Amino acid sequence: MADLGAVGAFAQRHRHHPLEALPWLIAVAAYFVFPSYLPLGAQILATILFALSADLVLGYAGIVTLGQAAFFGAGAYTAGLLAAHGWGEPITGLLAGAAVAAVIGALSGIVILRTTGLTLLMLTLVVASMLYEAVNRASWLTGGDDGLQGMQVWPIFGWFRFDLFGQTAYCYCLIVLFLCWLAARRMVHSPFGRSLVGIRENIRRMHAIGAPVARRRLVVYTISAALAGASGVLVAQTTGFVGLTFLGLDRSGTVLIMLIIGGVGRLYGAFIGVPLYMIAQDRFSTIDPVYWYFWIGLLMVLLVVFARGGVLGLFERFRR
Amino acid sequence: MGEIFSAAVNIAFNGLAYAMVLYLISVGLSVTMGMMGFVNLAHGVFAMAGGYIVTSLMKNQGVPFPLALIGAALAVAAASIPVERLLYRRFYGGDDLDQVLLTIGLVFMSVAGATYVWGPLQQPLQPPAWLSAPFDFGFRSFPAYRSFLIVSGAALVTALWLAVERTRFGAKVRAAVDNLRMAQSVGIDTSRLFTATFALGSGLAGLGGALGADLLPVNPNYALQNLVFFLIVVAVGGLGSIRGPFFAAVLIGLTDTASKYLAPEFGAFFIYVLTLAVLLWRPRGLFGRA
Chain F
1 MADLGAVGAF AQRHRHHPLE ALPWLIAVAA YFVFPSYLPL GAQILATILF
51 ALSADLVLGY AGIVTLGQAA FFGAGAYTAG LLAAHGWGEP ITGLLAGAAV
101 AAVIGALSGI VILRTTGLTL LMLTLVVASM LYEAVNRASW LTGGDDGLQG
151 MQVWPIFGWF RFDLFGQTAY CYCLIVLFLC WLAARRMVHS PFGRSLVGIR
201 ENIRRMHAIG APVARRRLVV YTISAALAGA SGVLVAQTTG FVGLTFLGLD
251 RSGTVLIMLI IGGVGRLYGA FIGVPLYMIA QDRFSTIDPV YWYFWIGLLM
301 VLLVVFARGG VLGLFERFRR
Chain D
1 MGEIFSAAVN IAFNGLAYAM VLYLISVGLS VTMGMMGFVN LAHGVFAMAG
51 GYIVTSLMKN QGVPFPLALI GAALAVAAAS IPVERLLYRR FYGGDDLDQV
101 LLTIGLVFMS VAGATYVWGP LQQPLQPPAW LSAPFDFGFR SFPAYRSFLI
151 VSGAALVTAL WLAVERTRFG AKVRAAVDNL RMAQSVGIDT SRLFTATFAL
201 GSGLAGLGGA LGADLLPVNP NYALQNLVFF LIVVAVGGLG SIRGPFFAAV
251 LIGLTDTASK YLAPEFGAFF IYVLTLAVLL WRPRGLFGRA
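Note that the protein sequences, when read in sequence, are chains F and D. In this text, residue positions in the first sequence follow this note's numbering: the first is 1, and each later residue adds one. In this text, residue positions in the second sequence follow this note's numbering: the first is 1, and each later residue adds one.
What the hints contain is simulated information worked out from the structure, not anything from laboratory work. Predicted, not measured: the structure shown is a model, and the values here were computed from it. Accuracy of the hints is not assured; some may be wrong.
[Claimed, not checked] Partial list, derived from the structure: chain F residues whose beta carbon lies under 8 Å from chain D:
1. T115
2. G253
3. V264
[Unchecked claim] Across the chosen pairs, the derived CB separations fall in these ranges:
4. A171/D / R283/F: 48 to 56 Å
5. D288/F / V186/D: 47 to 55 Å
6. A29/F / L262/D: 55 to 63 Å
7. L141/F / A277/D: 25 to 33 Å
8. S139/F / R168/D: 54 to 62 Å
9. P66/D / H207/F: 55 to 63 Å
10. H207/F / L280/D: 32 to 40 Å
11. F160/F / L262/D: 45 to 53 Å
12. Q184/D / V290/F: 43 to 51 Å
13. R204/F / L262/D: 42 to 50 Å
14. S36/F / P66/D: 55 to 63 Å
15. L141/F / Q184/D: 13 to 21 Å
16. R137/F / L280/D: 20 to 28 Å
We put the CB at the ideal spot given by N, CA and C, even for glycine.
Using the sequences and the accompanying hints, generate a full structural model.
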């Protein structure tokens, strides 16, 4: 193909670049190379989906949220409650969890998305915290502080049982992540995705050209909530447990950190930041169980001082 | 009837004491965010440091309480200057997300650092004898320490407001919050102003953390545990405002105390409802500029 310069690159932005296959090749290879780390691997894959959902709102629509755990937890509790009350079928549980999360996202989005900046950040946090307190209060249903007991997750398609070694869990998470990533990728390269970037970059101009800004923000917020819910379902189904930490501020904050470490608004930041953070956490907490927080904090500070824009930002600067 | 009145007095009294602590800690955060455009999620670390300094000065060195308070405030203010000069300065007005990553990283380091130095356990504050007996106000008696909190908090707030309204330094701060570029154009050395304001805010936070060691227990997770409340006070009060956080702190302090008395099983639910309502009604906070 002839070199068409910047315009050509823009026109072909939706084409699959060979480098994009890299994370998937690594993920498949990891299955065979590290068979004893598959449970951790499944958690990483599910968390990548969670970070991807955060990237859609933060990186593309410019909505800084500290309440993403609300949707993660809503999905997880939905699938968990279904599985604890006699419906352990994983795929329908996944869809139900994503749907409930999307409904909560849409309803809360209608109320809070009229604000911007710090106010919006606080409102996302407030919504998640209210859900947290409500779930804690409804302990007759959710188990409250102790977490939800007695989840029975059935084999996938009645065949693939969730095993102790995490093989089924790893493949299940990988396939769901891949499908969600394809959908997200398609979305951000569509006219809808471009208009989101426009809203992030200059909201006044988007208003001026007549783009339905409020509706687009609500739609992407809802989609992101659904993905976050799906990710919560994956974690719930593969670990067989749902607890209050699924809804906590820690989780919203950590996913944000992982995303920033990788790089925001590039769709691949999640694929770098999440493994980096979770593997670092796993290693540090083995080497230094008491003070591992210190090392992970130091890593974050050094990253900001020396690599603004995350790891992907660093690469981009080298290429220039 | 008497019981209801007594409960109301109790709530007002304890709520006000809590509000003073919240305000002292949060006002610096409000100014940093409003003036320097810097999201300092590590602000609680300064308050935690103040709490640790006071408790260990009193326990290990036997320093009297008032002296330990002053020492904590000064030490925290002094320690904050190199942090601002060497680390924070380069991120002013920059990307919010870099600031979030940097300051949360610092919070994580503070959690581990505090565990290393002081251990994982909570450090109790032992108020001196003259603040341990209840004060008798005639019609009823009040816990002395909380009364002291309210009185000293009120004195500090008055002094701070007078300083901001009446002194040259205060005028510069207000100018820089209102319009940074204009302030620079008329010759205000904003670089030094930033450092001075930051140190003042951190010192107040240290003092707040020290005074409030009784209400907000001093432990390694302090900065993370209380972050949400500090942020709520700033957002409800209005960014960059000096007065706003005070009214927000009173509102939050009273609501929190009331809900702990009347419906403890709901946790912080009502605080969140209140925050939601205020921010939907006034998105820029009670005293934020449109």
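message = Flag every earlier hint the structure violates by its number, smallest first.
response = Per hint list: 10 and 15 violated.
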